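Using the sequences provided together with the hints, build the complete structure.
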Amino acid sequence: MKKLLIANRGEIAVRIIHSAHKMGIATVAVYSDVDRDAPHVQLAGEAWNIGGPDSASSYLDMDKIIAVAKSSGADAIHPGYGFLSENAAFAERVTSEGIIFVGPSPESIRVMGSKLEAKATVSAYDIPMVPGTEAAITDAEAAMEIARKIGFPILIKASAGGGGKGMRIVEKEGDLASQMERAISEAKAAFGDGAVFIEKYVSSPRHIEVQVLADTHGNTVHLFERECSIQRRHQKVVEEAPSSVLTPELREKMGQAAIHVARSCNYVGAGTVEFLLDASHNFYFLEMNTRLQVEHPVTELVTGKDLVRLQIEIAMGQELPFKQEDLALKGHAIELRVYAEDPLNNFLPSTGTLETYQLPSGPGIRVDNGFKEKMKVPIYYDPMLSKLICYANDRTEAIQLMLKAIENYRVEGVETTLSFGSFVMQHPAFKSGEFDTHFVKQYYDPEVIARTREYKAHLAALVAFSEYLKDRKILRLPNA
Amino acid sequence: MAEFFRARVNSTYEFDLSETSLSDMDQIRTGPDAYHILKDNRSVHITVESSDFFNARYTIRIEGETFEVDLDTPLDLFIEKMGFAVAGDNAVDKVAAPMPGLLLSIYVTEGQEVEKDTPLLVLEAMKMENVILSPRKGIIDSIMVSQGTSVEKGTVLISFR
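Quick mapping for you: the protein sequence lines, in order, are chains A and B. First residue of the first sequence: -8, per our numbering; consecutive thereafter. First residue of the second sequence: 54, per our numbering; consecutive thereafter.
One should not assume that every hint holds.
Okay, derived cross-link-like pairs now, DSSO-like style, lysine-lysine, Cα gap no bigger than 30 angstroms in a straight line [claimed, not checked]: (1) A:K363 / A:K55; (2) B:K206 / A:K363; (3) A:K432 / B:K206; (4) B:K206 / A:K163; (5) A:K432 / B:K169; (6) A:K363 / A:K395; (7) B:K147 / A:K367; (8) A:K395 / B:K92; (9) A:K432 / A:K163; (10) A:K244 / A:K110; (11) A:K321 / A:K422; (12) B:K134 / A:K464; (13) B:K134 / A:K179.
Simulated from the structure, these hints should not be mistaken for laboratory data. Predicted model, so just to flag it, every value in this text is computed and none were measured.
What follows is the structure, encoded as structure tokens:
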């Protein structure tokens, strides 16, 4: 591999460019009209404009991206996450053009991309699964029948979905019809496929996922778990590794299950197998994400491995440089996704210009960032600004480091999830490790953030007042 | 006679102040623009980032957050009291877009009577569909936008009669 095209934007494009450059591989960035001043455009050796701000006419446009790969002489494409990363047709086209796709085969993507087919594929390996529909449906009446059979609450999920889009919980029968309509409409808009499926909603679930790596020589290993239970709108905000509830035995059991899932679809590259862990620590297979995850840095920190580098090496046909027994956990890592959202207003997107934007730094602090001061946060894409990752000897130290890092992260112009992050880090349930995916619903009280802010605002007022009085004294002196 | 001031912070909070307000705050200087403060036995480090005496405007940073403080002096407050300031209307008579986005659908028509929490329209932003609910019971006077248009944050979408 000599030249790598990164078919993505934001922090992940930056992250991939860094690893490629370390390996002596030239890089090609692509960008839409509103991303001209984005860091990934300035960091890559080459940058090509691929169209309008709307994803469909730029980052999702396969023709344009493949055309840029050919014109620029790139011999490989890294899709990052989101956009085309889990699009089997894209992987297929890239491969058929004689370009290396940094990721699994189109067939693996296709199988794991359809949740129903994924379940059928892994069933041969005796992996535990949550009860639900066997076929995707779009009919509200059929949905009602199934829902009655498995019992409320139920979960509606887009068959082609991911990232919480097109996903709805239905608590009671009366809400099913309207929620089905919304879920189907969202699924259609986001994925062009309105099919949904229904499953039993596991209560007190923890979301725990296992990182796997597989090379083309038949080696498959797991790199332990990530705990991703702190979510809002079914999307992760805080992730950590290792999980505070897994025993070494359970960790090994889930790791082996994840390896089996990867083997069942002849997986190659970096992938993530997601599980639900219930209150009694039974785990159920949820799905496999056939790409690099947003939260991969926590795994990198506790294992000391560069996952992007490994993805590229695997894509070049190299053998994994380590065996399962060479891998060990060291220390504790926590990630906070810094979204341009207002935690005091239902996590609604908060777009605008980053008037001030300064990142924290120091030992154990890593920021995977895609923005710069004075940049606008565009409305066209996911509103994530960066990922703040803290690594320390143990969980308590990592939490304390995170609080310090949040304090030193300066953002003005938009609201962010930083204040929410500090709420989480200080909450007794999070500190004790006793929490599940309902953390936000159960414990999150925007009032706590509002009260803290008001207390600080009052202090600020007092200090300003005392400054004013001092300044007035000084200015009065000549007349005295 | 005691002088009364009012502080407006980040255009969100208002505090009434007089010199006695400062009596239970213990403040020592730790740098050119930095102070250590003890208030209610809580220890806080703060920085004065900018000060503009003539406009009575100060920027204060406390534990990762920045606050813009505007002080109304006794003269400002006197003018306000004399009624020269413009009074605002607090009644909710319109619905504005809480964020920028694309209007996917509109559920109501002009002249329609709605209850509080009646779904009014669906606004798509960042790939999420958000249903905007009616803030109150009332009659829709006019709908200022049409389906399929992109709106900026704060755009008035619907007004009530």
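Here is what the structure says about each hint:
Distance restraint check for K363 (chain A) and K55 (chain A): the Cα-Cα separation of roughly 27 angstroms lies within the 30 angstroms cut-off, and the hinted pair is therefore satisfied. Taken as a hint, the K206 (chain B) and K363 (chain A) pair is honoured in the structure, with Cα atoms around 22 angstroms apart against an allowance of 30 angstroms. The suggested pairing of K432 (chain A) with K206 (chain B) holds, with an alpha-carbon distance near 26 angstroms, which does not exceed 30 angstroms. About 34 angstroms separates the Cα atoms of K206 (chain B) and K163 (chain A), which puts this hinted pair outside 30 angstroms; it is violated.
This hinted pair checks out: K432 (chain A) and K169 (chain B) have alpha carbons roughly 23 angstroms apart, not beyond 30 angstroms. Distance hint between K363 (chain A) and K395 (chain A) is fulfilled; the C-alpha atoms sit about 21 angstroms from each other, no more than 30 angstroms. Between K147 (chain B) and K367 (chain A) the CA atoms are separated by roughly 28 angstroms; this keeps the pair inside 30 angstroms, and the hint holds. As the CA atoms of K395 (chain A) and K92 (chain B) are separated by approximately 21 angstroms, the hinted pair is consistent with the 30 angstroms bound.
Annotation: proposed proximity of K432 (chain A) to K163 (chain A) holds, straight-line Cα distance about 18 angstroms (limit 30 angstroms). Proposed proximity of K244 (chain A) and K110 (chain A) is supported: the alpha carbons are some 19 angstroms apart, at most 30 angstroms. Among the hinted pairs, K321 (chain A) with K422 (chain A) is consistent with the structure: their alpha-carbon atoms are about 19 angstroms apart, no more than 30 angstroms. Note on K134 (chain B) and K464 (chain A): the hinted pairing holds, with a Cα-Cα distance of about 26 angstroms set against a maximum of 30 angstroms.
Of the pairs offered as hints, the one joining K134 (chain B) and K179 (chain A) is violated, with about 57 angstroms between alpha carbons and a cut-off of 30 angstroms exceeded.
In summary, the structure is inconsistent with hints 4 and 13 from the numbered list given earlier, while agreeing with the others.
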